[in-house]
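*Asks:* Protein chains in written order, with this note's numbering: chain E, 1 to 87; chain X, 1 to 966; chain Y, 1 to 413.
Honestly, the hints are just simulated from the structure, not real lab data.
Take the hints with a grain of salt, since some may be wrong.
[Stated by the list, open to error] The calculated lysine-lysine pairs, modelled on DSSO-like cross-linking and capped at a C-alpha distance of 27 Å, are:
no., chain 1, residue 1, chain 2, residue 2
1, X, K621, Y, K164
2, Y, K406, X, K878
3, X, K621, E, K2
[Said to hold, decoys possible] Where chain E lies over chain X, by a calculated footprint (3+ residues, C-beta under 8 Å):
no., region
4, 51-64
5, 712-725
[Claimed, not checked] Calculated Cβ distances over 10 Å to all of chain Y for the following chain E residues:
no., residue
6, T11
7, S15
8, E16
9, A32
10, A39
11, G61
12, R77
13, Q83
Given the structure is predicted, the values throughout are model-derived calculations rather than measurements.
Note that the Cβ used here is the ideal one computed from N, Cα and C, for glycine as well.
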Amino acid sequence: MKLLTCPVNGTRPLSEFVFGGEMRNMPDPAQASDSAWAAYVYNRTGAPGLKKEWWFHSPSGTWFVAERNTLTDQVARTYLYGQEDKA
Amino acid sequence: MSKRLPQRASEWLKRDKPISFYFEGQKYQAYEGDTISSALWAAGETVLGRSFKYHRPRGVLSLANHDVNVMLADGTDTNMRGDVLPVQDGMQLTVVNTDGGVKNDKKRFIDAISSILPVGFYYKAFHTPRSLFPFWENIIRKSAGLGVVNFNYPRDLKRKLHTHCDLLIIGAGPTGLTAALMAAPHGLNIIVVDENAQAGGSLSYDMGGSDESAKRLAELLAELAKYPNVTLRTGGYAAGYYTDHLIPIVETTGITKVRAKAVIVASGAFEQPPVFRNNDLPGVMLATAAQRLLARYATKPCESAVVFAANKQGYRAAMDLLDAGVTVKAIVDLRAEGEPCSLVDAIKSRGVAIYNGACVYEVLPAANKFGVKGAVICSYDEASAKPLLHDRFTIACDGIIMSAGWAPAAALLYQAGTAMRYEKSAEQFVPAKLPAGMFAAGKVNGIFDLAQRLQDGARAASEALAYLGKQVPTVTVDRDYIASPSHPYPMVEHPKGKNFVDFDEDISIKDFVHAAQEGFDNIELMKRFTTVGMGPSQGKHSNMNAIRILARIRQLPVERIGTTTARPFFHPTPIGHLAGRGLHPHRLTTLHGWHEAHGAEFTDVGVWQRPAWYRRAGLEKQQAIYEEALAVRKAAGMIDVGTLGKLEVRGPDAAEFLERFYTGSFKTQKIGRTRYALLLDEAGVMVDDGIACRIAEDYFYITASTTNAAAVYREMQRWLQIWQLDVGLVNVTGAYGGINLAGPAARGILSKLTLRPLDDASLPFGAVCDTEIAGVPARLIRVGFVSDLAFEMHVPAGSTQHVWNALLENGVAEGLRPFGTDTQRLLRLEMGNHLIGQDTDGLTQPFEAGSDGAIQFAKPFFIGQRSLQIIARKPLNKRLVPFTLSEGYQGETINECNLVIGTDGNIKGRVTSIAFSPTVGRFIGFAYVDPANVAEGAAFNIRTDSGSLVMARVAATPFVQLQSEA
Amino acid sequence: MPLRLLKYALSRKHPAPRFFRDCTEPKKSYDAVIIGGGGHGLAAAYYLAKDHGITNVAVLEKGYIGGGNTGRNTTIVRSNYLTPEGVNFYDASVKIYEGLSEELDINLFYSTRGHFTLAHTESALRTMRWRAEVNKHVGVDSYVVGPDEISKACPQLDISCSGKAPIVGALYHGPGSIARHDAVAWGYARGADSMGVEIFQNTEVTGLDIQSGKIKGVHTSRGYIATNKVLSAVAGFTPRITNMAGVDTPIVIHPLQACVSEPMKPWLDTILVSGSLHVYVSQSSRGELVMGSSLDPYEVHSTRSSLDFVEGLTSHMLDMFPFLSNVKIVRQWAGMADMTPDFSPIMGTTPVEGFYLDAGWGTWGFKATPISGKTMAATMANDQAPELIKPFRLSRFEDYDLTGEKGAASVGH
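Given the sequences, and given the hints that come with them, work out the whole structure.
*Replies:* And the structure:
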């Protein structure tokens, strides 16, 4: 089983984590056109590469961000949301 | 005729423990330490199996689980691998996949007609006319497969263990043992694993006519035994490589999942059979198999042998044969240059003829093909890979010992993502670029000379130590070959074929030629078309030759052909081992024991087990549910709702947080009041609902459905991070139990247990308060899901049983009964409440469900709002309505998910809930219908299972009269 | 012994001629280029030639034909979907499949064995009935059966599932079949090739030439090819191609794993699926149990295997068939699945003129192979999607008009 490093709890087996999908920036709902909003809701950056993703450490209830290469499945780094600079 | 030798120093047999067993009805003697195949071979038996497709007699090929010639059944188990399975006293063995026994297999006729069953024949026949295919298919299926599964085989609950180590070394041969010895003084936790019953690898059988191997092995093991930090595990194989160095080790007792910081793969190489006519006859075996028989099992492979060699191993085997008293008639060396090593002189001096640039053109079978009668030898032109028949002659012998080369046992390296390259000087694929923390040494790394292998083990250990942060000097290895350990093309063509490449699948050279000619001329297509390497031994003895043949056909270098992908498992691995103990974890409430003791029938709700209803003497399920429901309508009932999600939202921004998270408005919510909380996803789909209790200005207590609680809490946490509001979240689902007490008598019963006034003025519908019930601190909520007079009590989990008991004691006289989730579904339906997950599906939005009222569009933001604005402008496709069937409806049962059919014959929707309400005296339900037809009283048709239409009418809710109106 | 086999064997002509030519040098231009030499791409090529007379077609395959999900799936063919749109579509596929061995003159071992989707809970059984009712409405043979009927069809199945998850019923689907998946690709390849389609293996598309919103050609590892019509039929790799086209889609790639046991004498005659236990299993004509489970839980563009998968699957297999404890798993593997939000495919035209999409096949692509080929060929020929696949158009997401196979929310391979 793959290992993943929670920024709070350290390296743990993948079974303790829940994948939360790609991190996406929500457009301003008031400004976004219908189609831009639908694109935000449904479309994804599907091509492989280094992506920012939401991951959740279930036993401790910790969400964090993982920068992961979806082609190689290698995690470059993990950090708490908003603490990218400190990572 | 016994082939057992007198006791040998190297043998694994326990001569003091003789045992007997049966094979195909005959009794045989053996010793403990024998494998089934070694015992049979020692007893002079040659036909140990039949081939899968042509039912040809088969004997020992590799004696190393690199082939499945010997597949047996013992009455309980099947597909047992005789070559490696220890024989046990009293075993009653038969050969799988024969019709009439291994000697008289009636299906042996297939071998004679094999020419009309060429590669891929089944793609070319049986499909026209279409109507006859099932007939042919039936015949094909009957001939498919190996052993017959025993439907009474017991379910094994195998344990699984986890272990961690600094260094895992796969293979306890000279390379692996040396690596372990190098690494041992550095204090690392080291595991060495080997699939053989004893450590030593080639040192335990490859003697080459000297005692050097045995001495070396004894030294290595003695030295290694000094290190308590090194664990040597034999009798277990590394089954696969998984991400982050996770390697399951499979032993008889179960799987150990090893997580290693570094891995040295010293797994050796599979000896590859040279390919010539009748190379599969019993008595034709690989040199290493012959050596294993001799050294480990003190068994002669044959009495007089022809050694067919193309490398040094053949000569080493010849020495071992001679030392054991086997007559070696000749060594036939495929190479024009012959063997350069010094063994040649030793062998010649013992009177053995050596023919260089020659091949075994064909093996002459003994009667019934049960063995070898002789070998036809002729010259061989290496450049054209053609036998030159002009000088052919026959040598009488009863065994052919063959050695032409190797394939690396690199499966785990491939699985780890190792890039391999073809090392021309060794004629072998070797690692080119290894992933971090993976190291390879020895034969798998293309190094065969013993001294060099020891160096290579030390080299790999030094690299692994450096990787693990130890300061160690670098070790270099001289990779030089006097002659290549593998022949580049050990194939001998024969017009009559039967020169086998894949023994599992009976595939010979011409099959590859034909496949290529038909266009299946890359390795993956060839594998799929010919099925080479797809049998139980997964190409261990066949893939390399297949690649060589394809390279020759396409006139490309071997490296351009590449290899097929090596998938787990290294050896086929039992389902029971992989499954382990078969755990089905679920959660139980603190009342579970009580429910069990009182006849509850449980149902799985998400991870929880909940009572669906309670058995009652003399009552069928439906009747029991009605009685539970009637109790709630006429007196009182209570249900364990401890499984509900219970979430605390605290902080100055608590209300703001809920406003964004749920569709409703919470800023205006008064303390001590509840509000409906509906959660959507960003697409506007209904996800969950619950109630939000405002306990304080900055403190909300939220319930979520049993199934979704964890997901709702998770989403709350995620959005909270994004919004960065001043809110704290706590999931207190397990901390509190919950009891819902409902019905006209509920108030009276509860009032006996609390001082809190419960009248409508003091605790109106939608009110929440913290109080004490039965002396226990409780949160008391006036809810209305199953009845408009209902109280939900949330109490500390450990006190739930106390409160439950107190309610029962005070309520039984009033007619209080416990009810389960099946009854709850009926009750909520009677109340006209839809259920997310039952009355909605994975794409339902609130307009369809009729939940428009729960949406506060005026808020600046909530999850799903923007999508709902778009959806709101679109025509609605369907709408959920409450309905009733006509009074006294006696027709065909209408089931949930029966369809609503419009007058145009099209599907308009479906029934999502339906039940007979004993209180209403009618069938009531929810259904999706044409949105143009939702007025109260509007009729629509439901189609029953049998296809007839039943009229239903849109009804008003609640279906039952409310207590407040009673 | 069938006459054909004897004739074939006795004729001096075998081996048969090449299934398809070994094309290595593409022409400068083609009337249409199909990216992806899997079952779908090859079927589209075949029907372009056969139904529409468009034969100047190149199929570009990065690896070898049928090497993607065509060769990695568990070969189940069925049409018992949830939405009328889905059922109609897959039913059309089943109907072509039934005659495909004859049409392509290759034995696909298309074997109709009956398909049971097991329900272990009342709510699962409700979904089965939903599917059954929609199937019946469309004229597809599906109905709900009780445990007794399941036992009759598969007496070896432990109906109580070791007491862990008793089976309460099932959706039975008579037409449920298995087939020899590789042969589907080979048969279409041969059929297309014989009509003039050129198949290029080991040929990777490196870019798309799009000018003023129209496709003009493709850049490949064998050079530039001009064309006005390009079909992407590369499930598992779709986002890489749509990225080149600048077309956004909801597709995310998740691995789907499978495994196979060693051969044993056939005993499992039906195809069994359990959504709750995440198991689907059938026994091939080689005697191997072919097994799959649910999707991997996170995005990876890789066909690596995981131990968790096979541990979970085997544990549930034993709940259903406790006697398999010592039957051995020979091999596990994985494919990459294009996942969509509503579990329906994405087919048809795109915002780029001449660029067509056959994607989003999730875990159900193999069963759609013939009909997707046929309808995509029609889409390419007419620059307009036929009615049958309009529900699967890419624009349905922007329109919030999803085709909700997800409603069933259970595993259903």
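*Asks:* Could you tell me which of the numbered hints above are not met by this structure, giving the numbers in increasing order?
*Replies:* Structure breaks hints 3, 4, 7 and 10.
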